[in-house]
Structure formats: C-alpha cells, structure tokens
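Chemist: Those protein sequence lines, which keep their order, are chains X and H. At position 67 of the first sequence the residue is numbered 67 (our numbering), and the sequence of numbers has no breaks. Whatever position you read off the second sequence (first residue = 1), add 305 for our numbering.
Because the hints were derived from the structure by calculation, they are not lab data. Don't be surprised by glycine CBs; every beta carbon is placed ideally from N, CA and C. Be a bit skeptical, because a hint or two may be false.
Okay, the calculated bits of chain X under chain H, using three or more residues with CB under 8 Å as the criterion [stated by the list, open to error]: (1) 125-139; (2) 200-209; (3) 226-240.
From chain X, some residues computed to sit far from chain H (all C-beta separations above 12 Å) [as the list claims (entries may be wrong)]: (4) 29; (5) 41; (6) 56; (7) 77; (8) 122; (9) 151; (10) 154; (11) 161; (12) 179; (13) 186; (14) 196; (15) 280; (16) 283.
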Amino acid sequence: MKLPTKRLSTYQLYALFAVLLVILVLVIPPHPATIARYNLTTPAYRTLMLATTALPSLLTWAAAFYGYEQLRKYQNIVRETKEGEAFRQLTTGSRWVALYLPVVTLLALFLGGIANAHPGFRGVSMAFVNYAAIAIAIVAYIKASAGARIMCDNACIRPSLLKTRVLILAFIAVGVFYCYFIIRQSFTPGGTPYYMPLGLMLSTVVVPYFFAWMMGLLAVLDIDAYAIKVPGVLYRRALRQLSWGLLVIIGSSVLLQYLNSANTERGRLVLGAVLLMRYVLYASIAGGFGLIGHSAKKLQQIEKI
Amino acid sequence: MAQSTLYDQVVETTHIYLGPAADRFIARQVQNHLHKKPEQLSQGDLEKLVDWIQIAVSLLTEDSDIIEEYVQELRKLTNTKESKNT
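Given these sequences and hints, build the entire structure.
Modeler: The structure is reproduced here in structure tokens:
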C-alpha cells in the first residue's frame with residue numbers, strides 16, 4: 001500500500017530549518033579553541049552564536065525562501081507557456097541557491113559540533129561540508145544557467161560581446177587570485193585549507209567551484225541580455241529586477257564561497273572582519289532575493305489582471 | 306497572406322508594452338470583461354476593451370505617460386478601422 005505523502009511548503013521548510021538551527025546552536029559542543037581564544041563560558045558562547053550567526057542566518061533564509069516562493073508562484077502561472085521551461089529551470093536554480101544557505105550552515109554546525117567533541121573527525125567533517133556545498137552550488141548554477149539560456153534562445157537574444165569579454169576577464173581575475181590564495185595558504189605552517197593535499201584540493205574543490213561560478217555568471221549574463229532586449233516596456237521593467245536580484249545573489253554567493261574557502265572551518269563562532277564581511281554578503285543575498293520576490297510579484301500581477 | 310484579425314492587431318500593439326505576456330493578457334481581458342472568445346473580438350468591442358485595458362494597466366504601473374501612449378496606440382486601431390469603413 002502506498003502511503004499518502006505531503007511535501008512541505010516553502011515556509012514550513014523554512015520553519016523546520018529555523019528550529020533545527022536554534023536547536024543545534026543550543027546543544028552542540030562549543031569549539032574549544034574559540035572558547036579559549038575569546039575567554040568565553042559555554043552559555044556566553046551559545047548566546048554569541050545565536051546573536052552573531054543564527055539571527056542573521058534566519059533573516060537571510062527568510063528573504064531567500066520568500067524570493068524563491070514568489071518565483072515558484074510565477075513559474076506555476078506560466079508553466080504552460082513558451083517561457084514556462086526557462087522559468088522552471090530558473091526556479092529550480094533559485095531553490096537550490098536558497099537551500100544552499102540553510103543546508104550548508106546546518107551541516108557545518110552539526111558535523112562541526114561532532115568534531116568539537118572528537119577532534120579526529122575534523123578533517124572528515126570539513127571535507128563533507130565543503131563537498132556538499134560544492135555539489136549544491138553546481139546544481140543551482142547549472143539549473144539557473146540552463147533556464148537563462150532557454151530564455152535567450154526562445155527570444156533569439158545573445159549577450160553583448162563587450163559584457164561577455166568583461167565577464168571572462170572578471171572570472172579569470174577572481175579565479176587566479178583564488179588559486180594564488182589557496183596555494184599560498186597551503187604552504188604556511190599548519191595552513192592546509194580543506195584539510196587535504198594540494199593536488200586533491202585543486203582538482204576536487206577549486207576546479208568544481210570554478211565550474212559552478214562560471215555557470216552562475218553565464219546565467220547572469222544571459223538573464224541580463226534577456227531583460228534588456230526582450231520586447232515589452234512593462235514586462236522588461238519587472239524582469240530587470242529579477243536579473244538584478246540574480247546578479248546580486250550569484251555575485252554574493254560566489255564571494256561568500258570565496259570567504260568560506262578562506263575561512264574553511266565553518267560552524268564555529270567567528271568575530272571581527274570575517275563576521276562583518278559575512279554580514280554584508282548575507283545582507284546582499286537577502287536583498288537579491290527581495291528583488292527577485294518583488295519582481296516575481298510584478299510578473300504575477302501581469303499574468304493575473 | 307492571411308490578413309491579421311483585430312485581435313492580432315491588439316496583441317501586436319500590446320506586445321510593445323507587455324512583451325511575451327501580451328497574448329495572454331489580451332485574451333484574459335476579452336474573456337473576463339467582454340465574455341467572448343478572443344477570436345470573436347469585433348470593432349464594436351474595441352472601445353470597451355481599451356477602457357478595461359487602461360484600468361488593468363493602471364494597476365501594473367503608475368507611469369501615466371506609458372499608459373497614455375499605450376491607450377492612444379490602441380485607439381488608433383479604432384480610428385484606422387473607422388476611416389477604412391467611411
């Protein structure tokens with residue numbers, strides 16, 4: 001007999017992630033080195049984790065799930081139309097970008113908590129979290145870029161040559177600097193980013209990240225071209241915010257992954273400049289999803305009136 | 306070559322403002338407000354349709370210039386047909 005299954009709604013999923021986050025922050029063993037470094041008690045550590053990590057995360061996730069939900073609703077309205085497939089892929093991509101935030105944070109907290117109690121587990125925990133993050137980023141950006149490409153193909157639109165060249169230049173600059181940073185880190189005493197040998201790290205972490213980022217940037221390039229060149233003054237206005245939202249999200253996610261790679265030991269209390277940069281990136285990701293939500297609402301209105 | 310219907314012309318004008326959503330938008334206005342199938346749209350319905358479109362578009366944007374321009378373009382379809390008839 002087949003049991004009736006009911007999928008969680010977007011906001012139920014958000015609530016589930018939020019509860020899990022709070023529980024994990026309150027129960028996981030604190031990071032011993034961090035406790036010693038900042039001279040904290042365990043309750044103080046947990047309070048700081050709630051204030052500096054959990055609260056900003058919850059706000060960012062809320063914006064992400066809102067943006068995704070609005071895009072999903074719009075995609076539902078246009079699913080039978082010519083743009084349906086493009087928006088389906090784009091919505092799937094944005095769902096994975098939205099899921100990336102809670103899944104990676106919760107995994108890092110959970111496995112980091114185990115590693116805090118059993119230090120021998122640290123390397124395995126780091127590898128698992130990082131590979132999970134890479135896998136989600138690849139799926140998200142492949143889907144987004146597939147949707148964006150279908151959009152452009154349907155309307156016979158191509159991105160401008162100038163913007164393509166600028167994108168390639170920016171990508172090479174970001175990539176080379178990232179490689180330089182990773183290799184330099186690996187030669188400093190005790191500095192083995194990702195807890196793995198350089199060759200393995202370059203081939204299984206850096207190359208897949210580059211691929212994911214390239215997919216993300218291609219998606220932005222195509223959506224931008226579509227939002228500029230597609231006919232329809234009012235349609236374009238609504239779509240432009242969507243393209244900006246995706247641009248901000250993908251750009252900020254890339255930078256966040258960049259920052260997380262630099263500070264690979266996730267799931268523990270971090271203060272100072274790294275925390276400030278994380279806040280800026282979380283805020284811009286939230287803003288990006290806000291733009292997507294607003295844009296998708298406008299597009300829904302065009303299809304409902 | 307087949308001559309375009311009035312409905313096609315309205316959609317073509319709307320395409321400038323609503324892009325890929327134009328066809329669906331006009332079909333909805335005709336069905337919901339004129340209670341007709343899109344292909345049954347006639348010259349006599351046009352004025353009423355334009356009024357409904359003006360209301361609908363006012364809900365989508367506050368840019369009165371665009372609304373005015375769009376409505377004028379739609380009204381030209383009425384004028385064209387009238388001048389052809391006379």
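Chemist: Quick check for students: does the CB of residue 122 of chain X sit more than 12 Å from each CB in chain H?
Modeler: About 52 Å separates residue 122 of chain X from the closest Cβ of chain H, which puts it past 12 Å; holds.
Chemist: Please settle this one: residue 196 of chain X was flagged as non-interface, so is its CB more than 12 Å from every CB on chain H?
Modeler: Correct as stated: the minimum Cβ-Cβ distance to chain H is 48 Å, above 12 Å.
Chemist: Taking C-beta pairs only, is residue 161 of chain X more than 12 Å away from all of chain H?
Modeler: holds (24 Å)
Chemist: Using Cβ atoms and 12 Å as the threshold, tell me whether residue 29 of chain X really stays out of contact range of chain H.
Modeler: Since the minimum Cβ distance to chain H is about 54 Å, residue 29 of chain X lies beyond 12 Å and the statement holds.
Chemist: Checking the smallest CB distance to chain H, is residue 41 of chain X really beyond 12 Å?
Modeler: holds (56 Å)
Chemist: Residue 283 of chain X: least C-beta distance to chain H exceeds 12 Å?
Modeler: Holds: least Cβ distance 28 Å, greater than 12 Å.
Chemist: Once the closest CB in chain H is found, is it more than 12 Å from residue 56 of chain X?
Modeler: holds (34 Å)
Chemist: Beyond 12 Å from every chain H Cβ: check whether that's true for residue 280 of chain X.
Modeler: Fine: 32 Å to the nearest Cβ keeps residue 280 of chain X off the interface.
Chemist: Hey, does residue 77 of chain X actually stay past 12 Å from chain H on C-beta?
Modeler: violated (9 Å)
Chemist: Was residue 151 of chain X rightly flagged as not at the interface, with every chain H Cβ beyond 12 Å?
Modeler: violated (10 Å)
Chemist: Count the residues of the segment 226-240 of chain X whose CB lies closer than 8 Å to any CB of chain H, then report whether that count reaches three.
Modeler: holds (count 8)
Chemist: Test the statement that residue 186 of chain X is away from the interface with chain H: the closest C-beta pair must be farther apart than 12 Å.
Modeler: Per Cβ check, residue 186 of chain X is outside 12 Å of chain H; nearest 50 Å; holds.
In summary, the numbered hints that this structure violates are 1, 2, 7, 9, 10.
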